[in-house]
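With the hints as your guide, set chains B, C, D, E and F onto chain A.
Number of protein chains: 6
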Amino acid sequence: MGADFDIVTLGEAMVRLSPPLFQRLEQTTSLDVRVGGAELNMAVAAARLGLRTAWLSKLPRNPLGRLVADSAREHGVDVSHIVWTDEGRMGLYFVEFGAQPRASSVLYDRAGSAISGMKPDDFDWSAIFSRSRVFHVSGITPALSASCAEATLTAAAAAKRSGCQVSVDVNYRAKLWSEQDANRVITALMQNTDILITTEEDTKRVFGIEGADYREVAEKLRARFSLRAVAVTLRETMSVWRNRWSAFAIADGQVHEAPTYEVEVVDRLGAGDSFSAGFLWGYLQGDPAKGVLYGTAFSALKHSIPGDFRWGTLEELEAFVKGGGGLRIQR
Amino acid sequence: MGADFDIVTLGEAMVRLSPPLFQRLEQTTSLDVRVGGAELNMAVAAARLGLRTAWLSKLPRNPLGRLVADSAREHGVDVSHIVWTDEGRMGLYFVEFGAQPRASSVLYDRAGSAISGMKPDDFDWSAIFSRSRVFHVSGITPALSASCAEATLTAAAAAKRSGCQVSVDVNYRAKLWSEQDANRVITALMQNTDILITTEEDTKRVFGIEGADYREVAEKLRARFSLRAVAVTLRETMSVWRNRWSAFAIADGQVHEAPTYEVEVVDRLGAGDSFSAGFLWGYLQGDPAKGVLYGTAFSALKHSIPGDFRWGTLEELEAFVKGGGGLRIQR
Amino acid sequence: MGADFDIVTLGEAMVRLSPPLFQRLEQTTSLDVRVGGAELNMAVAAARLGLRTAWLSKLPRNPLGRLVADSAREHGVDVSHIVWTDEGRMGLYFVEFGAQPRASSVLYDRAGSAISGMKPDDFDWSAIFSRSRVFHVSGITPALSASCAEATLTAAAAAKRSGCQVSVDVNYRAKLWSEQDANRVITALMQNTDILITTEEDTKRVFGIEGADYREVAEKLRARFSLRAVAVTLRETMSVWRNRWSAFAIADGQVHEAPTYEVEVVDRLGAGDSFSAGFLWGYLQGDPAKGVLYGTAFSALKHSIPGDFRWGTLEELEAFVKGGGGLRIQR
Amino acid sequence: MGADFDIVTLGEAMVRLSPPLFQRLEQTTSLDVRVGGAELNMAVAAARLGLRTAWLSKLPRNPLGRLVADSAREHGVDVSHIVWTDEGRMGLYFVEFGAQPRASSVLYDRAGSAISGMKPDDFDWSAIFSRSRVFHVSGITPALSASCAEATLTAAAAAKRSGCQVSVDVNYRAKLWSEQDANRVITALMQNTDILITTEEDTKRVFGIEGADYREVAEKLRARFSLRAVAVTLRETMSVWRNRWSAFAIADGQVHEAPTYEVEVVDRLGAGDSFSAGFLWGYLQGDPAKGVLYGTAFSALKHSIPGDFRWGTLEELEAFVKGGGGLRIQR
Amino acid sequence: MGADFDIVTLGEAMVRLSPPLFQRLEQTTSLDVRVGGAELNMAVAAARLGLRTAWLSKLPRNPLGRLVADSAREHGVDVSHIVWTDEGRMGLYFVEFGAQPRASSVLYDRAGSAISGMKPDDFDWSAIFSRSRVFHVSGITPALSASCAEATLTAAAAAKRSGCQVSVDVNYRAKLWSEQDANRVITALMQNTDILITTEEDTKRVFGIEGADYREVAEKLRARFSLRAVAVTLRETMSVWRNRWSAFAIADGQVHEAPTYEVEVVDRLGAGDSFSAGFLWGYLQGDPAKGVLYGTAFSALKHSIPGDFRWGTLEELEAFVKGGGGLRIQR
Amino acid sequence: MGADFDIVTLGEAMVRLSPPLFQRLEQTTSLDVRVGGAELNMAVAAARLGLRTAWLSKLPRNPLGRLVADSAREHGVDVSHIVWTDEGRMGLYFVEFGAQPRASSVLYDRAGSAISGMKPDDFDWSAIFSRSRVFHVSGITPALSASCAEATLTAAAAAKRSGCQVSVDVNYRAKLWSEQDANRVITALMQNTDILITTEEDTKRVFGIEGADYREVAEKLRARFSLRAVAVTLRETMSVWRNRWSAFAIADGQVHEAPTYEVEVVDRLGAGDSFSAGFLWGYLQGDPAKGVLYGTAFSALKHSIPGDFRWGTLEELEAFVKGGGGLRIQR
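Chains as they are written, first to last, in the working numbering: chain A, 67 to 397; chain B, 67 to 397; chain C, 67 to 397; chain D, 67 to 397; chain E, 67 to 397; chain F, 67 to 397.
It should be emphasised that the hints constitute simulated quantities derived from the structure, not laboratory data.
Predicted model only: the values in this text are computed from it and were never measured.
Take the hints with a grain of salt, since some may be wrong.
Ranges of calculated distance between the beta carbons of each label pair, as one might list FRET restraints [stated by the list, open to error]:
{"hint": "1", "chain 1": "A", "residue 1": "Arg290", "chain 2": "E", "residue 2": "Glu267", "range": "48 to 58 Å"}
{"hint": "2", "chain 1": "C", "residue 1": "Thr379", "chain 2": "D", "residue 2": "Tyr280", "range": "52 to 62 Å"}
{"hint": "3", "chain 1": "E", "residue 1": "Gly116", "chain 2": "F", "residue 2": "Arg227", "range": "51 to 61 Å"}
{"hint": "4", "chain 1": "F", "residue 1": "Glu381", "chain 2": "A", "residue 2": "Asp70", "range": "48 to 58 Å"}
Computed cross-link-like contacts, SDA-like style, restricted to lysine to any residue with a CA-CA straight-line distance of at most 20 Å [stated by the list, open to error]:
{"hint": "5", "chain 1": "F", "residue 1": "Lys270", "chain 2": "E", "residue 2": "Ile395"}
{"hint": "6", "chain 1": "A", "residue 1": "Lys241", "chain 2": "A", "residue 2": "Thr265"}
{"hint": "7", "chain 1": "A", "residue 1": "Lys241", "chain 2": "F", "residue 2": "Glu381"}
{"hint": "8", "chain 1": "D", "residue 1": "Lys185", "chain 2": "D", "residue 2": "Arg127"}
{"hint": "9", "chain 1": "E", "residue 1": "Lys388", "chain 2": "E", "residue 2": "Phe314"}
{"hint": "10", "chain 1": "E", "residue 1": "Lys241", "chain 2": "C", "residue 2": "Asn128"}
{"hint": "11", "chain 1": "F", "residue 1": "Lys241", "chain 2": "E", "residue 2": "Gln396"}
{"hint": "12", "chain 1": "C", "residue 1": "Lys270", "chain 2": "C", "residue 2": "Glu282"}
{"hint": "13", "chain 1": "F", "residue 1": "Lys356", "chain 2": "F", "residue 2": "Leu380"}
{"hint": "14", "chain 1": "D", "residue 1": "Lys241", "chain 2": "F", "residue 2": "Gly178"}
{"hint": "15", "chain 1": "A", "residue 1": "Lys241", "chain 2": "A", "residue 2": "Ser211"}
{"hint": "16", "chain 1": "C", "residue 1": "Lys286", "chain 2": "C", "residue 2": "Glu266"}
{"hint": "17", "chain 1": "D", "residue 1": "Lys270", "chain 2": "D", "residue 2": "Arg301"}
{"hint": "18", "chain 1": "D", "residue 1": "Lys241", "chain 2": "B", "residue 2": "Leu393"}
{"hint": "19", "chain 1": "B", "residue 1": "Lys241", "chain 2": "A", "residue 2": "Asn128"}
{"hint": "20", "chain 1": "A", "residue 1": "Lys241", "chain 2": "F", "residue 2": "Ile395"}
{"hint": "21", "chain 1": "A", "residue 1": "Lys356", "chain 2": "A", "residue 2": "Glu381"}
{"hint": "22", "chain 1": "B", "residue 1": "Lys270", "chain 2": "B", "residue 2": "Ser312"}
{"hint": "23", "chain 1": "B", "residue 1": "Lys241", "chain 2": "A", "residue 2": "Arg127"}
{"hint": "24", "chain 1": "C", "residue 1": "Lys241", "chain 2": "D", "residue 2": "Ile395"}
{"hint": "25", "chain 1": "C", "residue 1": "Lys241", "chain 2": "D", "residue 2": "Gln396"}
{"hint": "26", "chain 1": "E", "residue 1": "Lys270", "chain 2": "A", "residue 2": "Arg397"}
{"hint": "27", "chain 1": "A", "residue 1": "Lys388", "chain 2": "E", "residue 2": "Ser305"}
{"hint": "28", "chain 1": "B", "residue 1": "Lys241", "chain 2": "A", "residue 2": "Gly154"}
{"hint": "29", "chain 1": "C", "residue 1": "Lys241", "chain 2": "E", "residue 2": "Asn128"}
{"hint": "30", "chain 1": "E", "residue 1": "Lys388", "chain 2": "F", "residue 2": "Ala169"}
{"hint": "31", "chain 1": "E", "residue 1": "Lys241", "chain 2": "A", "residue 2": "Gln396"}
{"hint": "32", "chain 1": "F", "residue 1": "Lys226", "chain 2": "F", "residue 2": "Ser196"}
{"hint": "33", "chain 1": "F", "residue 1": "Lys388", "chain 2": "A", "residue 2": "Ala169"}
{"hint": "34", "chain 1": "A", "residue 1": "Lys270", "chain 2": "A", "residue 2": "Ala289"}
All C-beta atoms in this analysis are idealised placements derived from N, C-alpha and C, irrespective of residue type, glycine included.
Next up, chain A with everything else stripped away, as it sits in the complex (with noise of 0.2 Å):
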């Protein structure tokens, strides 16, 4: 029987709140909004490339909620299990864009929002489950609350009792837990996981494991918890306005590996979360290598959209990994 949902995603997602034309959040007159937040980055992003995917988290009940959840919807994210409740308010967060050497920052203000007071039972985890391919969360999500760990980890071993596969973006946020607290909960999170999403920093800050190059990395974090696939992304920060991006897995006994793009950024935030809708997309054709290639170049492309969704399309897409256009105008 065919599932409903590609991949069911679950975390906070925030207004989020920046003054345009590179001015700091002290001297500007007006933000732009933009919604944004890891899961449902990545949520959008799969949907842009056909995927069938759904939301999870719980929203408080007023107009920023509700712009939350239509901005989902405008991407075609399903999002009828969103949890709604009158306690906590909605996380919002400020991007500031900057220039080289002013690094763009964050500043976020989602305290007391609604979803850090998600509880493991306020979803029906089975009913969702049995009906998805994937479950995909971040290290964000177990980060917001005790109980927010909580639900992460039922959540999982849910998923993983109803067969769905279980994916994790490991997303370290030091402004939300400690290493330590890190470490513990998503190790315990990946006695339930199939495939991780991480970067070489992360692993290190998060699991402590380093080695003589990020392949040696990533296998030994296949190892250790006996992983499906592992993929990492990689950047290089030329200057603020240029970067350089790339990507590997191993998967299936093999590395698969992405070109390296120079990128004019616009706007990185969301360009992770596009990169794992591109990987789990070509994953679950049972092509990681593709996978790999795709996410890479659809997350390349992510830098120069604003905000931290995934504008675009599967055709764009395609014609770009097979080298249509160039940088010349498409006309």
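Here is chains B, C, D, E and F on its own, set in the frame of chain A:
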């Protein structure tokens, strides 16, 4: 020896975010950024009339906190007594501007604000008030938290002891506390209060006082709390874009009345605070009649100005009260 | 067995481009982008009231087509039945907002749109309507082209056969067809119509029906076409920025009247479609009187909201109808 | 042999800078850029009605000067006679848009403008006027400087000699000169004037003429200066956003009256200049009654258009005068 | 006897709509409005250098048509020969600005435009060209429709007969016609062509001409069509935001080369048209070497200017070519 | 007894108007409003580092004058010594932001400014300087008018007499005066100067001093004018959007060098003034090496901030100098 400050105010200010051009909050893609809060609005308006003012508050040590302090300073309000903290966030509020029959509306997001953690000993009250002529606070400040209520009562008592008059604007906010709590705390505050500013409706809700007309209500207030002056603002909402606005005061055993102004409403937030500033400006000259007249005119003009703050000068106000110009273009 | 959709609509939506701040189209340097179209407006408004709605249309496979579908989806309108095509373009319309004595005006640029090539067999009507309670269409859809007229009549007949009620909003557009053509096609459409929504003026132009008053007109309509319900909206244009708005309906042998609202006009496009949504919402509860009352209130509020769509919630509407709040700021 | 220009105007235009959305100049962070100036406004409005117009002025050789000339050219006004100079700056003015009871206001920054250095021999008057039907100037031009006054009188005399009628719009500006100076210069100008356009108030201030009603005032003017036509505009300022507007003229021994229009005021600057254009358009057809009627309608519509210029077409104007459309959306 | 126009161009211009700030078209809520079209861009650029230019086209009688004509007039381009029609619409195009690796892209919406109905007898060719020195057209004009191709060939022949030189910019657009059709029509056009402007790629696609290097290609072109001059522009796309730009020409039996400029790309649309203008400006002075040098510099600077049009002056260009200023702020 | 002000500056500030998004001034329809002026920029930057600063100037009594004073006050700069006048206007300047090969450019409109009428006795110099540690002025102030030159020399002498050190930033502006005049006045100013800040180019133009390298130039300057410190900023303009920036100083018989920063240029105006602030901040701690290091870092970061002012905090600066964060997003 003369005072350093004519008016010292104590309270919360927030970053105010509003969708432009009558949009709903749920639909907007940008937000106008301004700053507002009853006591800061009042301090700004008073500074605009030439009074030396200070604003006491507690702000988070981040760009949003600085943005608020900058904006106070921009108008010449002293911010040197603000307490900066790493505890708590910057409060926000979202304003939707309406059109008949949709009222404008405000969504507060002030839980967990830095100032809600204010304590009675955060300020050196006697040092401040011994240099000041009036301490002004609204009923919002004690409503923010139990410790804020305690701090407000402490401040008023300290002001009284220092020979500094106390002015209170009732400003009842049902979202912050019950009528019972407001009654208990504001009644206690009245013990040290010299000047009360309110509306007929708030008087009824907070003090349970009604009367044959609003003059009787004001006189009952004056008598019950042995006040030197009671001022009452009067609004008639003909439509969202068109209001009538007036005020009167009881002081020195007399009733002082202002004319009624028809106003085209660009932004009515902060209008009451502008009245308070204009009224105290006159009162401090020993002329409450002038206070009512100029306070009403000053706040009538406020309705035409975007934002909570009362941009404008004393010269303009005087020209307006003297009837110059009318409604034709002033060249 | 229950239906999947409460209301299914069929018609064109366009990208709507309007100069900000009362500018003429000829003078503007930017255009606000929104989406509008009678049946989509109606589907969005109905979804806002909690009804399950779908919108059927034909869209070009390009970013403008996706923009339109995204915006429908953003409000929870089902877009899974949209036909995507490489033939034809996305229709556009340009709105100039006026001020007395200059009326607002619309410049349509819809020739060659993808939907004008719609054919009767583009949709599997019986599969769709067997799962639906009401099929709603306006008189604009059959006016778009001969094949659109044919498709509309085919759809209405199919709906009837499937036991799905048919609702028609006359919406006569002189730019699209002559009164004679409209009379011929809409009269044919009436054979399968249960619910008719119109204005006095359209009734006269399309059906040639006049009467002593609009109630008589409505009754004549009901009788001629054996309708279950006839609803009529009433607008008085006091000035461009200030209108009066009301409606009534004949159903169940009774006349149901709504109060008259004075409205300050931010954007009146889509107001009629919001009425249709509110009316059907009540009608589908078996309470046409409630439909008239809520539909009128719902669409009165629409005038205050930028864009064709009816941003807002059922909770707000209910609070408004019950008289809460008035015109003062809602805090 | 026919003329090349129907109307030639002479005067200053300035770059107009205005804070958007009713902001005070002191508080704004952006300024809308437009161009305005009585005679250029008039030339643009006349060109919009199909008249061949030229604008004479003196502009600084910099981007601001070019911006002004471009904007004249954009509307088809001939700019080939403009004198470009390295002496003097581009004049500016700042407009604040108000709301009752705050009037709109203008801050001029025109000292040291290039045109204030205009001299009588800057233009080849006889070459220009021998090809023109009407020379139009306002009372602002001679007020700019002594040499400007001299140039204006020289121009009017030259026009008269060339058989070109002279039209003067009094437009008294107290900031530029005293009533005495205005009286002296404009009285001298009247010697060569055929057509006078004014208001009741300006007539009193500049000429000291009063009367039982404005018709008597106009007749006194006509008689004192042996004018062919006197036109008077009439404004009633009900509120800043709502005015009444009308006009009448005395010509051919008759009084011609226009209807009174209620206008919702988006931007009333340039309304008088639009009237002048419409009036002369009729007058040049030998039909001053038509001039009054169309001029009033043309300028009534002007109030709805942002900027000093009269964007719009003759076709629109004719449709409006004939009563088509009304205030409903024109589709 | 001297000519009235230095250059007359014939072609389509469109309203250009672009999302600000690198947004995708699908995600934007506003569009910047500008005007562009190869021949109009060229006429504007030439007018900016002091040449007398006219633009021939066919425009719909509506605000969008007027907007286009206004913008031509704003730059001093003669629009008196434009044919206004009630048939057909105003063409539009949508531009997305990209960032590496996402190229900028253009979505044309020009089907059914007024000009696509252009016929050979819409203009009085001999009257126009007998007063002109050069007739310039791009390969886009004949690609618009069969009657446009016919009109273009008719125009070129008429120009030739009138002693007016013919200049053609190949500008192959694959979306408008096949390489075969382009080859057939443009080859026919070459019979009356004196000056050809192209790129290496277009030469290969349209004429099938290749060579050892681009000089050989240019020489083959010159020889095959007996041209007086062939100019070729050269672009190297280092990244979307950074290009290299140069050009050379063969004329008078010599090769003339320009330096290569590195450009930071704000907006590269219209750069080629600016080159054509600069090249013809030199060529018309009898100095093709100057044409190449100034044309390249003029168009290198174009990349820094938003919109298709070449805002700027001859003075600036001369200062730039002479090396003044460099890249430091010019104060 | 301690001083009240660490740094007092004297000079002109102007309202700065700039077209957004790389537009030419001639083409823009809106202007961003900011404030700038060498000495005010410096005072703001110094205040941002925690120094107590005052700005002396002469401003017109109008909204533009207040806007400037407000913006100084917003950053905590003391404005109580500003002289308000009804003579003269507010100076303006227009900034065009460029892209390679088009340099950014500034159009000054400062003739007739209020401050150009500044006289030596407009300020009570000894009262001010007796409370201050450093008096800082740039070479622009004496260039504004003869009386401004006189006032500047008077001020420097008074500062010296009051025991307040004098700091001068050469800042030669060719538009304001000749090299001869600058030489004469600034040489006179050197008699009372302790600290000189300049560039290699200005040193050559104003003092005619050249050398084998810039260190030799600096040493010659120090020796000729017996200075305590000479600081020199160094810019390499790789492209308009990418510069290299560094500085060094001679003080205490030593050369102190800063690292070279590559900067992505958002807005380089005010960078030099930020260096001056940072340098004096270190110098006033008795640590000129720290001054060079922090001043260079502080001003390198300035290039990323829109406007002339140095929004940011000492905490940020210290984190940056210590190398924290790098160019990745700071969360």
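Self-check item: Hints the structure fails to honour
Solution: Hint check: nothing fails, all pass.
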